[in-house]
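Q: Those protein sequences? They're chains X and E, same order as listed. Sequential numbering from -3 applies to the first sequence in my numbering. Sequential numbering from 124 applies to the second sequence in my numbering.
Some clues are possibly wrong.
[Claimed, not checked] Quick list of in silico lysine to any residue cross-link-like pairs, SDA-like style, CA-CA up to 25 Å:
1. E/K282 with X/G173
2. E/K482 with X/N122
3. E/K356 with X/A168
4. E/K242 with E/N311
5. E/K482 with X/T124
[Stated by the list, open to error] To spell it out: a stretch of chain X is covered by chain E in this simulated footprint if at least three of its residues, at any positions, have a beta carbon under 8 Å from a beta carbon of chain E; those stretches are:
6. 106 to 117
7. 126 to 140
[What the hints assert, rightly or not] Label-pair ranges, simulated between beta-carbon atoms:
8. E/V347 with X/S149: 25 to 33 Å
9. X/T206 with E/Q130: 45 to 53 Å
10. X/A86 with E/F270: 31 to 39 Å
No lab work stands behind these hints, which were simulated from the structure alone. Being a predicted model, the structure only gives us computed values, none of them experimental. Every residue gets a Cβ at the ideal spot worked out from N, C-alpha and C, and that includes glycine.
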Amino acid sequence: MSDPHSTQEGSDLTPAGTPGYGHVATGTVDLSHGAILYLEDITVSFDGFRALNKLTLDIGVGELRCVIGPNGAGKTTMMDVITGKTRPDAGTAYFGQTMDLTRMSEPQIAHAGIGRKFQRPTVFENHTVFENLELAMKMNKGVKATLFARLKSEQVDAIGATLALIRLEDQAYRPAGLLSHGQKQWLEIGMLLMQEPRLLLLDEPVAGMTDAETERTGELLNELRGKHSLMVVEHDMDFVDSIAQGGIVTVLHEGSVLAQGTMDEVQADARVIEVYLGR
Amino acid sequence: MAVAAPQRSSLFPPAVWTGILVVTAILALLPILNLTFADGSALHISSFTIALLGKFMCFAIAALALDLVWGYTGILSLGHGLFFALGGYAHGMYLMRAIGHDGVYQSDLPDFMVFLDWKAYPWYWSFTDHFWYCMILVVLVPGILAFVFGFFAFRSRIKGVYFSIITQALTFAAMLLFFRNNTGFGGNNGFTDFKRILGFTITAPGTKAVLYLVTLAALLGALVLARSITQSKLGRVLTGVRDAENRLMFVGYDPLWFKLFVWTLSAVLCGIAGALYVPQVGIINPGEMSPANSIEMVIWVATGGRGTLIGPIVGAGVVNGMKTWFTSVMPQYWLFILGAIFVLVTLFLPQGIAGLVRKLWARRSAPRAVAKSVTGEAS
């Protein structure tokens, strides 16, 4: 199910998973069929309310997928299922060909290579920006290894590179709690990148941002395109338009996929206009 | 490279190190003054003062242990008195065996067992006549209990007040168990009337001085250990548990093992504090497990300042100093005063004594380092 964009742009990713990844994680992601995430017939109910209703969705390697939908469409619940926070009542969720996400804990899923950014920015407010990135860095995260961990110079360089990417170099030693809202969002994205994820889930990355910050976030996501698979859940249609760039946009409604296609196709779809865009 | 690794000072800044060593030296000098100068001399330190300070230092270790879980990891325990008491009982078993035939009934068994008409020690008293075996128990009993309890509580993701209430219930249940005579730990009288420790008379001034110095060394050791943990990357993970546990999980840490590590360590430290306490005060009974005792520990930490390590040590000293004074002058009002301390600290000193000192220090050096305080103070 790979779309042409992802195979072109993701060509630097070897499908079987490069060595070097996963030496700490629970296994290597099997990407031999070109898709990194498969959700099939996922159903989640809360007290009878169906937050997700037979949701089926897959994401290609290196793809930047935008997911839109009105409030209550099940976007956040979908992310909860993918990251192990919520267990589905029915259906299957696979990361690559072999990893069953419904049987893994949150830290295991994080180690396997799925990074998640929350809707509200959550960073460690009492730690400096540098320390936030250090904590997120991919390495053995057991108790003993953590107790005796010492920073190596290449790790400092990796943190420096991420700081440059998220443009927080001059904020490195400030407590993260003092950052602006937009800077916290970037820091959180930077923390995800330090985990060297295969798939990044971003829940409303530009919510509450100024126009300049929104534009900068768009640039950042475009820089990540192709290096990582990304799933962006967003309300802001202009922003989605600016990052979709002809890629597939998925519209969720009442817990299942309403429509899927390029931004133009989706915007022309009568059902989408009725439930979401037209209002 | 624009970004360099942050400067991480080894343990404490020099000024704090100096302070710690000066205070330690003064505290170490007191029992020596007590032994060398006779009563009446200007340099004499009363045995009462030594006993009191020895007791306070045990409380300080317990406060330090509680600060690790509450101040740094955000886990409020209202049952740390249990671990303190268990450490005390484990040491107490040896002290009871060491009484030998010198009890009231001149028996091999402790008086309370003779009173119950028991003919032999129950199985769990085996080997307790060996000092080092009991010292192992001091570590293992609170440690294993904390590990097992913590494992199930943290695995079930019990947090906040729910966790606090369960710890409170745990210490209360243990208190009721230890009150029973049939439990085999002396019922409501507990263990007392100790005669000797490792062959030395327990009431001799020399023995008291050694116990005091061992406690001081344990307190200093516990402070250095706790500080090196909180300064490590693991310490930053613990603060992460406190501030944003969800983020920590999605970054790939399993909070369960980190909480369990610090929780168990804290219980062991508390047990050691209890074990040092018992020979100095000469008694351990189930009253130490009463919920009020554990709550008092929380007040020491809050008064001294959460998440500062040195603060809770000072807090334990200050609150217990006030307790000593008030319970001798107007004993019936002490609980009201304790409550008032807690209310006042919560309202006016949310960072405790340590926070107040830090604020005054910042104000004093503010004109010299404006730029520094702007970044440091806004949080």
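Q: Looking back at the hints listed earlier, which ones does the structure fail to meet?
A: 9
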